[in-house]
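Asker: Residues per chain are reported as follows:
Number of protein chains: 4
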Amino acid sequence: MAVTIDIDVRYRDLDALGHVNNAVIATYLEEARTNYIDEVFGAGLEEYTFVIAHLEVDFERRITTGDDVAVTVQVPALGNASVPMEYEITADGQRAATAETTLVFLDAAGEGTAPIPDPVRDRIEAHEGH
Amino acid sequence: MAVTIDIDVRYRDLDALGHVNNAVIATYLEEARTNYIDEVFGAGLEEYTFVIAHLEVDFERRITTGDDVAVTVQVPALGNASVPMEYEITADGQRAATAETTLVFLDAAGEGTAPIPDPVRDRIEAHEGH
Amino acid sequence: MAVTIDIDVRYRDLDALGHVNNAVIATYLEEARTNYIDEVFGAGLEEYTFVIAHLEVDFERRITTGDDVAVTVQVPALGNASVPMEYEITADGQRAATAETTLVFLDAAGEGTAPIPDPVRDRIEAHEGH
Amino acid sequence: MAVTIDIDVRYRDLDALGHVNNAVIATYLEEARTNYIDEVFGAGLEEYTFVIAHLEVDFERRITTGDDVAVTVQVPALGNASVPMEYEITADGQRAATAETTLVFLDAAGEGTAPIPDPVRDRIEAHEGH
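Chains as they are written, first to last, in our numbering: chain A, 1 to 130; chain B, 1 to 130; chain C, 1 to 130; chain D, 1 to 130.
One chain only, chain A, in its complex shape:
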C-alpha cells in the first residue's frame, strides 16, 4: 500500500536553469522515505541503525516552482537485511521521475549488516499486504 506525500517546491530547490536540481530530487525521495518510516516502521525505531546503501533515479520531466509535486513510495518484497523502496514523483499529475532506494539495517556496532528486526518486518508486511 503506497504512501504519498506532497512536496512544496522551494525557490532554493531550483538550479541555474530554473529546474529542480537532481540532488534535490533525492531530498524529495528522502521526505517520502522518512514519512514512510515514521508511519510504518513503528515505535522503538531509535533502537535500530540503518543506512541508505543504494539510490537510483530516472528523471523523466523537469520540475519547477508552481508545480504540484507528489511522491509515492512503496516497499516490494523484503530482503534479509535490506528494505527496498520504489518511488514515483509526479508534477501536475504527470510522472516526473521514478526511483529506487535500498535501506540496510546495521548491527549494533554499525559495521556489518543485520537482519531486519522482526517487529519492523511484521509492520512493513502488514502494511504492504505481502
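Not one of these hints is a red herring.
Simulated restraints, written as ranges between beta carbons of each label pair:
#1 A:Gly93 x D:Glu47: 45 to 55 Å
#2 D:Asn35 x B:Arg62: 20 to 30 Å
#3 B:Glu100 x D:Gly66: 20 to 30 Å
#4 C:Glu128 x D:Gly42: 44 to 54 Å
#5 C:Arg123 x A:Asp68: 22 to 32 Å
#6 C:Glu128 x D:Thr113: 30 to 40 Å
#7 B:Leu78 x D:Ala126: 51 to 61 Å
#8 B:Glu111 x A:Glu86: 23 to 33 Å
#9 D:Asp68 x B:Gly42: 15 to 25 Å
#10 D:Asn80 x A:Glu100: 45 to 55 Å
In short, the hints are calculated from the structure, not lab data. Because the structure is a prediction, the values reported are computed rather than measured. Backbone N, C-alpha and C fix where the C-beta goes; we use that ideal spot for every residue, glycine too.
For this one, chain A is given, so just place chains B, C and D on it according to the hints.
Answerer: Only chains B, C and D this time, still in chain A's reference frame:
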C-alpha cells in the same frame, strides 16, 4: 582518462546523524561532472541543451567533516544521444561510494533527444582515448 | 497586511545537532518573500531586476522536524529604491525567529539602484494599507 | 587576528538567476565560523552548548561559479555570554559581503544563557590579542 576533484565537506552537508547526507553525495557528483564538462566538452557549450536522465549511487562508507574527499569521473563508451559517466568517491583514501549518471542531449526545442554534437563527441573521445 | 505561509520542515533542513540550520531559516524567509512578491508585486515583474541587499535574523527557539512552522511577512514604509520586509517565524505557535530583509531595485544595467517602479509601489501600498 | 578560509563555489549554490543564493552565503559564513571554532576555541568543546542567536549580512556583489571566494572572520570584544563575530566575503579579491553573527553559550539544560567558559574566553582573547 579520469578527472579528479577535491571536495570541501561543509558542516551543512551533514545530516542529523553527523554524516554527509545521501542527496549531498549527488551534489559532489555534480561538482565532478560540471568540472569534467568545463574541461573536456569544450567551448560553445552554451549552444547545447542536455539533462541528467539517470543517477545511480552505491554508498559504501559514511563521510563526515574532516574527511579528505575526492571524486573521480570518467566517460566509458559513448551512446548516440547519451554520455554515461562513472564516478568514484573516496574519503581519506578509502572508497566511500561509486556512481553512474547518464547525461542526454536534447534537441533545440528541449523536447526530444538529439545526437551528441560532433565537436563534443570528438573532444570526449580524444580525452578518454577511446 | 501580513502574508503567511506554512513551511514543511524537511529532514535535510536539520544539521548535525538535529535542529533546522540557521542558513535554512534564510530559505524559509525566501519562501515567504517570493510568495509575497508573487501575490503582491503583480504581473510584469519579469521586467524588473532586484536583489537582496540586507538580511538580519534573530533566532529565538530551535526548530526541528515535526514542528508546525509558519512564516509571516509584511512590508513597512517603503524607501525610494528599497523594499524593507519584516518576518516572524513560528514553530508550534511559538515565536522561533524574527527577521528583516531589504530588497533593492536595480537599473536596467543591473549596476546602480533604481526607484521602486510605480506599479509595484502602488500595489504594495494598496496591499499594506499605507 | 583574522582567520581566512577559501570556499569552493558549487553549482548547487547558485539560484535560478545564476548567482550564489543569499541563504548559501550564510553557509559560507558557517564554514568560516566552524573553522574558527575548531582552530581557536580549543579542545573540550564538546562539553559546551552554544547557538547562533543573531545573523546579519550586507550583500554588496553577486558571486557566481568560477569566482575565487574567501571568507575572513574575527572576534571583536567579547560579551559575557556571547561571542560576536565579524566576517568579510571576497570574490576575486573584491568585497562581496560583510556579516556579523552572535554566538551564545547556553547552560547545561540548554535553556538559559551561560557565561563564556573561561578556557574558551582565554583562547579567543589570546588569539585576537585583546
